[in-house]
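Asker: Sequence:
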Amino acid sequence: MSRPRLVAALALLLAGGCIQFESGPTTDGPSGPGTTTGDDEEPPPVVECDPLAQSCPDGQACSLVGGDFVCIEVAIAGAAGDACQGSGECGPGLVCLSAVALGDCEAGSCCSSLCEVSDTSAQCGSASEVCAPVFSGDNVPPMWADYGVCRLPG
Numbered sequence: 266m267s268r269p270r271l272v273a274a275l276a277l278l279l280a281g282g283c284i285q286f287e288s289g290p291t292t293d294g295p296s297g298p299g300t301t302t303g304d305d306e307e308p309p310p311v312v313e314c315d316p317l318a319q320s321c322p323d324g325q326a327c328s329l330v331g332g333d334f335v336c337i338e339v340a341i342a343g344a345a346g347d348a349c350q351g352s353g354e355c356g357p358g359l360v361c362l363s364a365v366a367l368g369d370c371e372a373g374s375c376c377s378s379l380c381e382v383s384d385t386s387a388q389c390g391s392a393s394e395v396c397a398p399v400f401s402g403d404n405v406p407p408m409w410a411d412y413g414v415c416r417l418p419g
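Note that the working numbering has the sequence shown beginning at 266, numbered continuously upward.
Worth flagging that the hints you see were computed from the coordinates, not collected in a lab. Careful, some of the hints might be misleading.
[Said to hold, decoys possible] What follows is a list of derived Cβ distance ranges for each label pair:
{"id": "1", "residue 1": "L317", "residue 2": "A342", "range": "13 to 23 Å"}
{"id": "2", "residue 1": "Q388", "residue 2": "G419", "range": "14 to 24 Å"}
{"id": "3", "residue 1": "D323", "residue 2": "G419", "range": "29 to 39 Å"}
{"id": "4", "residue 1": "D323", "residue 2": "N404", "range": "31 to 41 Å"}
{"id": "5", "residue 1": "G331", "residue 2": "A410", "range": "12 to 22 Å"}
{"id": "6", "residue 1": "M408", "residue 2": "E371", "range": "16 to 26 Å"}
Given the structure is predicted, the values throughout are model-derived calculations rather than measurements. All C-beta atoms, glycine included, are put in the ideal place defined by N, C-alpha and C.
Using the sequences and the accompanying hints, generate a full structural model.
Answerer: Written out as structure tokens, the structure reads:
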């Protein structure tokens with residue numbers, strides 16, 4: 266339980282009240298408003314920004330953080346192929362990838378270009394790299410299906 270919820274629950278308990286925390290999505294179904302459906306499905310991901318359009322304010326880049334694309338502050342505007350240690354160390358249109366996934370990276374991780382998977386003319390920094398989907402599998406949200414990153418095939 267998060268700290269604010271714990272404090273609220275303790276305050277209500279000490280005051281003689283009660284509180285109910287719901288674990289699943291709620292609906293206004295036949296059982297009444299706010300009833301739990303029983304499904305623990307997560308809501309669809311939120312795309313705060315478009316990593317291909319890079320529509321964030323100056324000094325920020327659209328990057329994948331915690332499963333969502335969000336605008337983050339760029340501490341070091343690394344270029345494609347530059348060494349990086351994580352989010353915020355690559356310029357707009359780039360992500361920090363492990364050297365294992367890259368062709369020409371002499372550090373533990375390097376900045377690599379985001380690309381559009383359906384764009385067959387997408388050019389990557391190394392001849393051995395291709396534009397591969399950022400997300401794979403059967404449950405990729407349609408809004409993310411065309412997001413790619415330059416990396417080694419496979």
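Asker: Evaluate each hint against the coordinates.
Answerer: Evaluated hints:
1. L317 / A342: 13 to 23 Å: Given a distance of about 18 Å, which is inside 13 to 23 Å, the answer is holds.
2. Q388 / G419: 14 to 24 Å: Since the Cβ atoms of Q388 and G419 sit about 19 Å apart, the hinted range of 14 to 24 Å holds.
3. D323 / G419: 29 to 39 Å: Holds, at about 36 Å.
4. D323 / N404: 31 to 41 Å: Given about 35 Å between the Cβ atoms, the range holds.
5. G331 / A410: 12 to 22 Å: Check passed, 20 Å falls within 12 to 22 Å.
6. M408 / E371: 16 to 26 Å: The hint (16 to 26 Å, Cβ to Cβ) is violated, given that M408 and E371 are roughly 35 Å apart.
When each numbered hint is compared with the structure, a violation occurs for hint 6 only.
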